[in-house]
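Engineer: If you want the building blocks of each chain, they are given just below.
Number of protein chains: 2
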Amino acid sequence: MVKIIFKKRKSVKQVEESTDLAPKFDENGLIPVVTTDHSSGEVLMQGYMNEEAFKKTIEIGEAIYYSRSRKTLWHKGKTSGLVQIIKEMRIDDDQDCVWLKVDVNGGASCHVGYRSCFYRSIPIGPQSDTDIILKFEEKEKVFDPKKVYGNTPNPTKL
Amino acid sequence: MVKIIFKKRKSVKQVEESTDLAPKFDENGLIPVVTTDHSSGEVLMQGYMNEEAFKKTIEIGEAIYYSRSRKTLWHKGKTSGLVQIIKEMRIDDDQDCVWLKVDVNGGASCHVGYRSCFYRSIPIGPQSDTDIILKFEEKEKVFDPKKVYGNTPNPTKL
Numbered sequence: 001m002v003k004i005i006f007k008k009r010k011s012v013k014q015v016e017e018s019t020d021l022a023p024k025f026d027e028n029g030l031i032p033v034v035t036t037d038h039s040s041g042e043v044l045m046q047g048y049m050n051e052e053a054f055k056k057t058i059e060i061g062e063a064i065y066y067s068r069s070r071k072t073l074w075h076k077g078k079t080s081g082l083v084q085i086i087k088e089m090r091i092d093d094d095q096d097c098v099w100l101k102v103d104v105n106g107g108a109s110c111h112v113g114y115r116s117c118f119y120r121s122i123p124i125g126p127q128s129d130t131d132i133i134l135k136f137e138e139k140e141k142v143f144d145p146k147k148v149y150g151n152t153p154n155p156t157k158l
Numbered sequence: 001m002v003k004i005i006f007k008k009r010k011s012v013k014q015v016e017e018s019t020d021l022a023p024k025f026d027e028n029g030l031i032p033v034v035t036t037d038h039s040s041g042e043v044l045m046q047g048y049m050n051e052e053a054f055k056k057t058i059e060i061g062e063a064i065y066y067s068r069s070r071k072t073l074w075h076k077g078k079t080s081g082l083v084q085i086i087k088e089m090r091i092d093d094d095q096d097c098v099w100l101k102v103d104v105n106g107g108a109s110c111h112v113g114y115r116s117c118f119y120r121s122i123p124i125g126p127q128s129d130t131d132i133i134l135k136f137e138e139k140e141k142v143f144d145p146k147k148v149y150g151n152t153p154n155p156t157k158l
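Taken in order, these protein sequences are the chains called F and A. So in our numbering, the last one in the first sequence is 158, and the numbering has no gaps at all. So in our numbering, the last one in the second sequence is 158, and the numbering has no gaps at all.
Because the hints were derived from the structure by calculation, they are not lab data. Among these hints, one or two may not hold up.
Unchecked claim - Only pairs whose alpha carbons sit at most 20 Å apart, straight line, appear in this in silico EDC-like list of lysine to aspartate or glutamate: (1) F/LYS71 with A/GLU27; (2) F/LYS146 with A/GLU17; (3) F/LYS55 with A/ASP131; (4) A/LYS157 with F/ASP20; (5) A/LYS55 with F/ASP129; (6) F/LYS13 with A/GLU88; (7) F/LYS71 with A/ASP96; (8) A/LYS13 with F/GLU138; (9) F/LYS24 with A/ASP26; (10) F/LYS141 with A/ASP20; (11) F/LYS13 with A/GLU137; (12) F/LYS141 with A/ASP26; (13) A/LYS3 with F/ASP129; (14) F/LYS7 with F/GLU51; (15) A/LYS7 with F/ASP131; (16) F/LYS157 with A/GLU51; (17) A/LYS139 with F/ASP20; (18) F/LYS7 with A/ASP131; (19) A/LYS13 with F/GLU51; (20) A/LYS13 with F/GLU137; (21) F/LYS135 with A/GLU88; (22) A/LYS157 with F/GLU138.
Computed from a predicted model, the values in this text were never measured in an experiment.
Bound conformation, chain F alone:
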């Protein structure tokens, strides 16, 4: 297989207005990734890629992230079966963020069991109390995390 080479970032014009792929990785070598459902447009999750994950994702057409908690490449769905098939991959103006439009086998993307990781909303507007009460927008889990992940440690960090 041909090895993909990212372009060096030479000018704002090149980065914003050309067809060069010249992504910017942050001080930890990561680029943020927004993943949406290709059919519904719903945001499923937000993750990160390092350079290797970025190149592998392009080559195989399935989402590979970099797990910050496990400090390793993370081929999404390899444990749960909920692989993300990429229908389209986009990069933003200054090339420091990636957008994946995916189809998910099984329809769920969230380790808690919901379809989207964003299953709760925040009320907007002047508040009558100091405490914000989140609202569950998804009422039911799509799968039982215990059955799917077994004793795998929960990735959420406090």
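Dock chain A against chain F, hints included.
Structural biologist: Just chain A now, with coordinates in the frame of chain F:
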């Protein structure tokens, strides 16, 4: 106005399964924000908020980010007129990412002049060349950045 107080992060269960708003800010005091168009579902941009921007956004119902390049709060659209009116605000499972569904006055969100910042796609699959050629998915700019921003410095950093 009542001062919003975020909850302390006490347990994985509280963060993932309760109605407490207990967001996690990174080592720079920031939380990533994904912004989509409320009608089309298109991802418009990805930015960051600090605690102050987060609370102000909730209170006024318009998107306020933290600009990493200018190191200041950034009420999106105050220069360009392209204010983002929030229709819905969501937080993800481990509360380290925010999703804004917005209506944009003028329909554009990208300082380069396009509707979305993600106006170019990356070809997927085994590559025949080391160089990736991006494809422009938006053919025409919605506005002329020179007319809108004048001599304001371009925020893109190399």
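Engineer: Now look at each hint and say whether the structure bears it out.
Structural biologist: Verification of the supplied hints:
{"no.": "1", "hint": "F/LYS71 with A/GLU27", "in the structure": "17 Å, holds"}
{"no.": "2", "hint": "F/LYS146 with A/GLU17", "in the structure": "15 Å, holds"}
{"no.": "3", "hint": "F/LYS55 with A/ASP131", "in the structure": "12 Å, holds"}
{"no.": "4", "hint": "A/LYS157 with F/ASP20", "in the structure": "16 Å, holds"}
{"no.": "5", "hint": "A/LYS55 with F/ASP129", "in the structure": "13 Å, holds"}
{"no.": "6", "hint": "F/LYS13 with A/GLU88", "in the structure": "34 Å, violated"}
{"no.": "7", "hint": "F/LYS71 with A/ASP96", "in the structure": "17 Å, holds"}
{"no.": "8", "hint": "A/LYS13 with F/GLU138", "in the structure": "17 Å, holds"}
{"no.": "9", "hint": "F/LYS24 with A/ASP26", "in the structure": "19 Å, holds"}
{"no.": "10", "hint": "F/LYS141 with A/ASP20", "in the structure": "19 Å, holds"}
{"no.": "11", "hint": "F/LYS13 with A/GLU137", "in the structure": "18 Å, holds"}
{"no.": "12", "hint": "F/LYS141 with A/ASP26", "in the structure": "28 Å, violated"}
{"no.": "13", "hint": "A/LYS3 with F/ASP129", "in the structure": "8 Å, holds"}
{"no.": "14", "hint": "F/LYS7 with F/GLU51", "in the structure": "12 Å, holds"}
{"no.": "15", "hint": "A/LYS7 with F/ASP131", "in the structure": "8 Å, holds"}
{"no.": "16", "hint": "F/LYS157 with A/GLU51", "in the structure": "19 Å, holds"}
{"no.": "17", "hint": "A/LYS139 with F/ASP20", "in the structure": "17 Å, holds"}
{"no.": "18", "hint": "F/LYS7 with A/ASP131", "in the structure": "8 Å, holds"}
{"no.": "19", "hint": "A/LYS13 with F/GLU51", "in the structure": "33 Å, violated"}
{"no.": "20", "hint": "A/LYS13 with F/GLU137", "in the structure": "18 Å, holds"}
{"no.": "21", "hint": "F/LYS135 with A/GLU88", "in the structure": "11 Å, holds"}
{"no.": "22", "hint": "A/LYS157 with F/GLU138", "in the structure": "38 Å, violated"}
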